[in-house]
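Enquirer: Each chain, letter by letter, is given below.
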Amino acid sequence: MSEQTHTTMRTEDGSPPILIVEDSMIQAELLRRVLARGGYPVALAKDGVEGLAAARKEPPSLIISDITMPVMNGFEMCRAIRQDAVLKDTPVILLTMLSDSRDVILGLNAGADYYVTKPFNEQYLLSRIKTILTEPPVRGEEKVEMELTLDEQKHRVSVGPQRVLNLLVSTYENAVLQNRELTASQDQLKELSVHLEEKARKLEDANKDLEGFAYSVSHDLRTPLRAIDGFSSLVLKRYMDKLDDEGKRLLKVIRDNTQKMGQLIDDILAFSRMGRLGITPSEIDMDGLARQVFEELKPTAAGRELGVEIAPLPPARGDLAMLRQVWVNLLANAIKFTSHKPAAAIQLGAYPEGRENVFFVKDNGAGFDMQYADKLFGVFQRLHGIEEFEGTGIGLAIVKRIITRHGGRVWAEAKPGEGAAIYFAMPSLDPGKKP
Amino acid sequence: MTACAEDVDILLVEDNPSDAELAMVVLKENNLTGKLVWVKDGAEALEFLFATGTYATRKIENCPKLVLLDLRLPKVDGLEVLRRVKADSRTKRIPVVMLTSSKEDCDVVTAYDLGVNSYVCKPVGFDEFARMVSELGRYWLGISRPQPPR
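Residue numbers (this note's numbering), protein chains in the order written: chain U, 653 to 1087; chain X, -19 to 130.
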């Protein structure tokens, strides 16, 4: 260990430095800055051995030392200072976390003068240093032998009464200071939690507003739509003989679009409902549910060649109505996107992965380009032309919302023209048991 | 189109004139509007049903055979009208069909708890709307047996 490793920053008047002995560079730098702000010259050392060497080379006005350090700890260095003919009267401040009360006894026996707690309070530390430098601790007082019991252990202390007093008072001061800071941060926390509660209440209000909004949307937007469709229909009926084919076609376009807008409103509402409604969880027989949903949807593919393979599916925990909706949307999609294929092949399956079960629906339908995969689960995102396949593009957004609310994930794999596979992972019923 | 206040088959409570007109067009096509009264808010509906205010000269015993009651109405809302009709022994037997534009089902349970006879959602498409209104009219005025006159 070189004697040159420590650094000293002198003031112009050449007064002796305060020696900081600290193995943590960050702590040392923090301390150095505080002292520099107080106008003190500073010397740094990174352990007890280095600190002792630095002090011998250039006796400091005061030593501030960490306790836990490699090579030589704070207590050992302090003891060595007290036994050094030149340095023995140097005041020593030990930095403590105030986590072990035995530190007080060890510090007393080592001959430390004061304790300062980490993290230190800048103002307190500077005022303490000023006092020490103007009124150095009393030296050469008669030592008193004392016995002290701490943590059911007897400790012998041999030290002068003034030093005991100094050390204990400084420790107490620090404790009071910390307590004050703790109380302050407790108050801050209280304030913060009040603030948070207020925020939560506001959020709740905003949610209620949104619910009311969804309700109004469904009511207020439908009424004018019904009027548009209704009166277009009346014109078609009553002025049949006055309208030419183009006139009739135009009115029909209006009517078709009111239907589409009605569907969009229903879909927005369904999507918002899936976010608002509470989940009533129970163990769901996914196998039975998927098969049942498929049977219900089958008539929509009447007259088509529909090959379906359903592998046994494991149960899941969740809301029955919502998980039914997941199967409805996924199977309806599979049936829809295979409608241009001469022979549709739809495959349902599941496999365990970690603490989850991954369910999937694969089809040999239109598929899509994977570069748009991130759009697939967005609201009103459609990857096919409306002429090609009908729909508003809400189905997978609803699937994602439901699965996410059940603590699961969704993703997709596809190739244009070759088919798509939609996957969703849900927590296994018994996550402790390895499959 | 509006019947004399004494002898009424249908009381249509609807604030939206377009909806009211469409409903009346359908009912007329089905020959069901002969004795129809249209009121535009809940307060007027109550005055009619309880023979007060504008309708003070009416006899309360001359109950309509059917009330088509919109859920959301100015002044007094549909559920409140329903509550008062079903809470009064003089009016509680009048069949009330609640019509709503909303598919949000938060009011269905309340309406049934209050004793509504039927609760239907008005579809956006006119064809379905027409089918629904004519079926309602045919059922309540033709198939269902009304309370005996007092």
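Mixed in with the good hints there might be a few duds.
Distance ranges between label pairs, derived from CB positions [unchecked claim]: (1) U:Glu863 to X:Gly95: 39 to 49 Å; (2) X:Asn11 to U:Ala973: 37 to 47 Å; (3) U:Gln1033 to X:Val89: 33 to 43 Å; (4) U:Gly1037 to X:Gly95: 26 to 36 Å; (5) X:Val89 to U:Leu862: 50 to 60 Å; (6) U:Asp872 to X:Asn11: 28 to 38 Å; (7) U:Arg928 to X:Gly95: 25 to 35 Å; (8) U:Gly959 to X:Gly95: 27 to 37 Å; (9) U:Arg969 to X:Val89: 19 to 29 Å; (10) U:Glu863 to X:Ser69: 55 to 65 Å; (11) X:Val89 to U:Thr1056: 23 to 33 Å.
Calculated pairs, DSS-like style, for lysine-lysine (alpha carbon to alpha carbon, straight line, at most 27 Å) [stated by the list, open to error]: (12) U:Lys889 to X:Lys15; (13) X:Lys66 to X:Lys20; (14) U:Lys860 to X:Lys72; (15) U:Lys854 to U:Lys912; (16) U:Lys1067 to U:Lys1014; (17) X:Lys45 to X:Lys8; (18) U:Lys900 to U:Lys889; (19) U:Lys900 to X:Lys8; (20) U:Lys950 to U:Lys1014; (21) U:Lys889 to X:Lys8; (22) U:Lys782 to U:Lys806; (23) U:Lys782 to U:Lys770; (24) U:Lys950 to U:Lys770; (25) X:Lys8 to U:Lys894; (26) X:Lys20 to U:Lys904; (27) X:Lys15 to X:Lys72; (28) U:Lys993 to U:Lys904; (29) X:Lys66 to X:Lys39.
Rather than coming from a laboratory, the hints here were simulated on the basis of the structure. Ideal Cβ placement from N, Cα and C applies to all residues, glycine included.
Enquirer: Evaluate each hint against the coordinates.
Expert: Hint check results:
{"no.": "1", "hint": "U:Glu863 to X:Gly95: 39 to 49 Å", "in the structure": "violated, 27 Å"}
{"no.": "2", "hint": "X:Asn11 to U:Ala973: 37 to 47 Å", "in the structure": "holds, 42 Å"}
{"no.": "3", "hint": "U:Gln1033 to X:Val89: 33 to 43 Å", "in the structure": "holds, 35 Å"}
{"no.": "4", "hint": "U:Gly1037 to X:Gly95: 26 to 36 Å", "in the structure": "violated, 50 Å"}
{"no.": "5", "hint": "X:Val89 to U:Leu862: 50 to 60 Å", "in the structure": "violated, 22 Å"}
{"no.": "6", "hint": "U:Asp872 to X:Asn11: 28 to 38 Å", "in the structure": "holds, 33 Å"}
{"no.": "7", "hint": "U:Arg928 to X:Gly95: 25 to 35 Å", "in the structure": "holds, 28 Å"}
{"no.": "8", "hint": "U:Gly959 to X:Gly95: 27 to 37 Å", "in the structure": "violated, 52 Å"}
{"no.": "9", "hint": "U:Arg969 to X:Val89: 19 to 29 Å", "in the structure": "holds, 27 Å"}
{"no.": "10", "hint": "U:Glu863 to X:Ser69: 55 to 65 Å", "in the structure": "violated, 37 Å"}
{"no.": "11", "hint": "X:Val89 to U:Thr1056: 23 to 33 Å", "in the structure": "holds, 29 Å"}
{"no.": "12", "hint": "U:Lys889 to X:Lys15", "in the structure": "holds, 25 Å"}
{"no.": "13", "hint": "X:Lys66 to X:Lys20", "in the structure": "holds, 20 Å"}
{"no.": "14", "hint": "U:Lys860 to X:Lys72", "in the structure": "violated, 34 Å"}
{"no.": "15", "hint": "U:Lys854 to U:Lys912", "in the structure": "violated, 35 Å"}
{"no.": "16", "hint": "U:Lys1067 to U:Lys1014", "in the structure": "holds, 12 Å"}
{"no.": "17", "hint": "X:Lys45 to X:Lys8", "in the structure": "holds, 16 Å"}
{"no.": "18", "hint": "U:Lys900 to U:Lys889", "in the structure": "holds, 10 Å"}
{"no.": "19", "hint": "U:Lys900 to X:Lys8", "in the structure": "holds, 24 Å"}
{"no.": "20", "hint": "U:Lys950 to U:Lys1014", "in the structure": "holds, 16 Å"}
{"no.": "21", "hint": "U:Lys889 to X:Lys8", "in the structure": "holds, 15 Å"}
{"no.": "22", "hint": "U:Lys782 to U:Lys806", "in the structure": "violated, 35 Å"}
{"no.": "23", "hint": "U:Lys782 to U:Lys770", "in the structure": "holds, 19 Å"}
{"no.": "24", "hint": "U:Lys950 to U:Lys770", "in the structure": "violated, 72 Å"}
{"no.": "25", "hint": "X:Lys8 to U:Lys894", "in the structure": "holds, 23 Å"}
{"no.": "26", "hint": "X:Lys20 to U:Lys904", "in the structure": "violated, 31 Å"}
{"no.": "27", "hint": "X:Lys15 to X:Lys72", "in the structure": "holds, 21 Å"}
{"no.": "28", "hint": "U:Lys993 to U:Lys904", "in the structure": "violated, 30 Å"}
{"no.": "29", "hint": "X:Lys66 to X:Lys39", "in the structure": "holds, 18 Å"}
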